[in-house]
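Q: Protein chains in written order, with full-length UniProt numbering: chain A, 1 to 153; chain B, 1 to 757.
Take these hints with a grain of salt, some might be off.
Claimed, not checked - Among the chain A residues that face chain B by a calculated CB cut under 8 Å, a handful are:
hint: 1; residue: Gly-9
hint: 2; residue: Ala-14
hint: 3; residue: Ser-33
hint: 4; residue: Gly-37
hint: 5; residue: Glu-39
hint: 6; residue: Thr-40
hint: 7; residue: Gly-67
hint: 8; residue: Gly-84
Simulated from the structure, these hints should not be mistaken for laboratory data.
Backbone N, C-alpha and C fix where the C-beta goes; we use that ideal spot for every residue, glycine too.
Each chain, written out:
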Amino acid sequence: MEVKFILNGKQTTADIKEDTVLLDLLRAKGCYSVKCGCETTNCGLCTVWIDGTPSLSCSVLAARVEGKEVTTLEGLQEEAAEFGAFLAAEGAEQCGYCSPGFIMNVLAMVRELEDPTLEEVKEYLAGNLCRCTGYMGQLRAIKKYLEMKRGTK
Amino acid sequence: MSFVNTAVPKVDAPALVTGKPVYTDDIAPKDCLVVKILRSPHAHALIEEIQTENAKKVPGVECILTYKDVPDKRFTMAGQTYPEPSPYDRLILDQRVRFVGDAVAIVAAETKEAAERAMKLIKVKYEVLEPVLDFHQAKDNAVLIHPEENWKSLCPVGADNKRNLCACGKEEHGDIDAVLDACDYVVEGTYHTKANQQAMMETFRTYTYMDTYGRLNVVSSTQITFHVRRILANALDIPKSKIRVIKPRIGGGFGAKQTVVTEVYPAIVTMKTGKPAKLVYTREESQIASTPRHEMEVKVRVGADKDGIIKGIDVYTLSNTGAFGEHGPTTVGLSGHKSIPLYGKTEAFRFAYDVVYTNVMSAGAYRGYGATQGLFAVESAVNELAEKMGIDPVALREKNIVTEGQVMPAYYGETANSCALDRCLEKAKEMMHWDEKFPARDLGNGKVRGVGVAMAMQGSSISNVDNASVAIKVNDDGFYSLMIGASDMGTGCDTILAQMAADCLDCEMENIIVSGVDTDVSPYDSGSYASSTTYLTGIAVMKTCETLKEKILAKGAQYLECSREEVDFDGKKVFCLKDGREISLMEIGNRIMCNNEDALFASESYSSPVSPPPFMVGMAEVDVDQETGEIELVDYVAVVDCGTVVNPSLARVQTEGGIAQGIGMALYEDVVYSESGKNFSNSFMQYKIPSRQDVGTIRVEFESSYEPTGPFGAKSIGEVVINTPSPAIAQAVYNASGVRVKELPITAEKVYWGMKK
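Just need the whole structure built from these sequences, with the hints factored in.
A: Here it is as structure tokens:
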């Protein structure tokens, strides 16, 4: 079957099977930032935006994005680099494998929440697992990034 | 300019944070055959018959391999220096299957769907055998897990396949029984740590292809690039010269990738078909057929005199290596060698151990490598001893800890040349406000808040075994190529080694490009494990820089037409001390490209006669609900002595990450099997690793000693940091609830039933 959707701003058509999951389709389309960490919606590595809402692409059928707008980190390179610099300054990307999904969710969070508290940040990002960093460095990076954002408003 | 001891961002950070395709599966050829493994449903069985004809008819299936198609030559998947202490007990595929999930057949097809369809059509008839599932019953059991005659142990580790023994041994110093008999206070306990999964975010994966020269090329997510070459040559029974192994970026390892988990399968497919092949483990496969931490049961006796001087420690460890012996003989050693030496005033110790085979998945290397298990036991016992004596456990440690300059009989007789454990204790106490908080206080809301403490040590490389090599060359325009054989698995060694090289060569880091591991071109390194890279490869960097500088000086002197003694090098230029004439490194780099016979290339190796331990203190603060037993980690304080901190932000994140993994081990993580040996912990739903809401606040400080044998005074940091949470949290929970949990993980259920007693 065929699915038509907007991928990172570009009209896209793909020939898919009924049971193709979005994660596999996106990687087949060259969006390698989208990683599979668990297959059971527990790790957050495959986070992408569907019509601007963060979604776990390992558990979304590709057919479901018909007519929708899908965004991956490939479509947010400037913002990724901007926040990523804060992450790297803390050494908190470490192996980097969870970074794309995590950053997708951070960027969704700053769009959704005005000036979130530490507890709100932890709750919003609870589904993004990281095995390397112990999360503290990520929180330091987010705090400094939010401060920068506030300063530039 | 100095880069050592500054928080330089990782050199690969820009690519990682923008999601560039840099990992194994991102760069695998698109026409790769997809490899899948058919796995055993039985914990112990012999394959009587295996029919693959129907499966082979599935369109797109390229090959199906069974035990009849692989070399009958046993090998170990453990990434260790040859001769490996781990027994040669594996075949790529065996007629005997030894755990639920053991490989039965290899299927390679053009698509995943075809491979999966074919797997369903393979018919296997098993002779089901009685499994050995209780590791207490394994030694000398009538059921043998490795009865085969070609099982082989290369090293004298006390292995005996006719007794289900992967290793056994005993060492003693002084008369431990007499010393403990004379003690005023003796505590005896049994502490049980479970198998834990490393659960790195990138599962095991490898792709393989034949190159222009007819050689097998292997791209793999590994910590042990060079060992992969040797192990594949063993497994496939082909010359090492026919194999090239390349390591791209790695999505975490933690020791899991110190074992050759996936490499052999696509490799044999490519050898048989000539076609590129890849195997990407699902999370389920990573959970059920990998290399978790060795389950250990550690019996400890520790005794002190009436003044609180710890006189003797007696440790016996029973370790469960599972179906295969990967890292079995070596992990167990650390349970004693890296726990007993923390106490510097002991007059006697005994350390004995058995490592047994059972019918569960093979254990392997996991950060801490046995020290974690031993320290849970010894540190818990010392906390109990303090309670029995009625003194503060920090005060007891202050009286007894190993101090700088002391010889450590239980640590291979090495001297603690750098040790700030005393300062670590002092600082941790201050950060936690220990004196006000110990042991506990009622919060008045049904919860009691308790604190606990533990210490830890590890090593820095395997002395007289690990081997690090580095090569550096001067290119045109005078930039350097730094080639290392150590594998950056996300920890940042490509960065910190470049920091060291930049300081040694007096240049900017931008002037150094780092090349990761390719066995065809990189200098030999045993790999990134045993907390070796900063310490060992760091020294190799320093040695190489010295040799290279001499060559730059000689070349500069030649171009300036003066003698070597008359010139100096400041990182940017070689200049004549007599008349001030100079030639820039850039110009030297460009001139050597024409009419030159001296390569500005240096390569040095290093192996250390000692393995200086990093030390640390961890303190946990937990709330325990008095009605439900629910535990909430509130605060964790860690003070680390890793010698000179080469990169403060990376060292901090290493520490925080290690502690978070340790928190998982303490509170959640457990590989659970059914009565028939089926692994229940086969996904992140059943096997919980800590989320950011589970780790409370982790606060880290460094109290640095200076290690005279280390690069810039540095020791290791990667492993020591995982060791304190289990014993510290166990004691904090005890102080808050009165329940001592001696079998991990410390769950609300165990605390609840404990409080009910």
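Q: Hint by hint, say whether it matches the structure.
A: Going down the list of hints, with the structure as the test:
1. At a threshold of 8 Å, the smallest CB-CB gap from Gly-9 of chain A to chain B is about 16 Å, leaving the interface hint violated.
2. The interface hint given for Ala-14 of chain A is violated, since its Cβ lies 15 Å from the closest Cβ of chain B, which is over the 8 Å cut-off.
3. At its closest, the beta carbon of Ser-33 of chain A sits 3 Å from a beta carbon of chain B; the interface hint therefore holds under the 8 Å criterion.
4. For Gly-37 of chain A, the shortest C-beta to C-beta distance to chain B is roughly 5 Å, which falls under 8 Å, so the interface hint holds.
5. Because the beta carbon of Glu-39 of chain A sits about 5 Å from the nearest beta carbon in chain B, less than 8 Å, this interface hint is met.
6. Annotation: Thr-40 of chain A was flagged as interfacial toward chain B, and the flag holds, the nearest CB pair being 5 Å apart, inside 8 Å.
7. Interface restraint check: Gly-67 of chain A against chain B, minimum CB-CB distance 25 Å, threshold 8 Å, status violated.
8. The beta carbon of Gly-84 of chain A is positioned within 8 Å of a beta carbon in chain B (closest approach about 3 Å), and the interface hint is therefore held.
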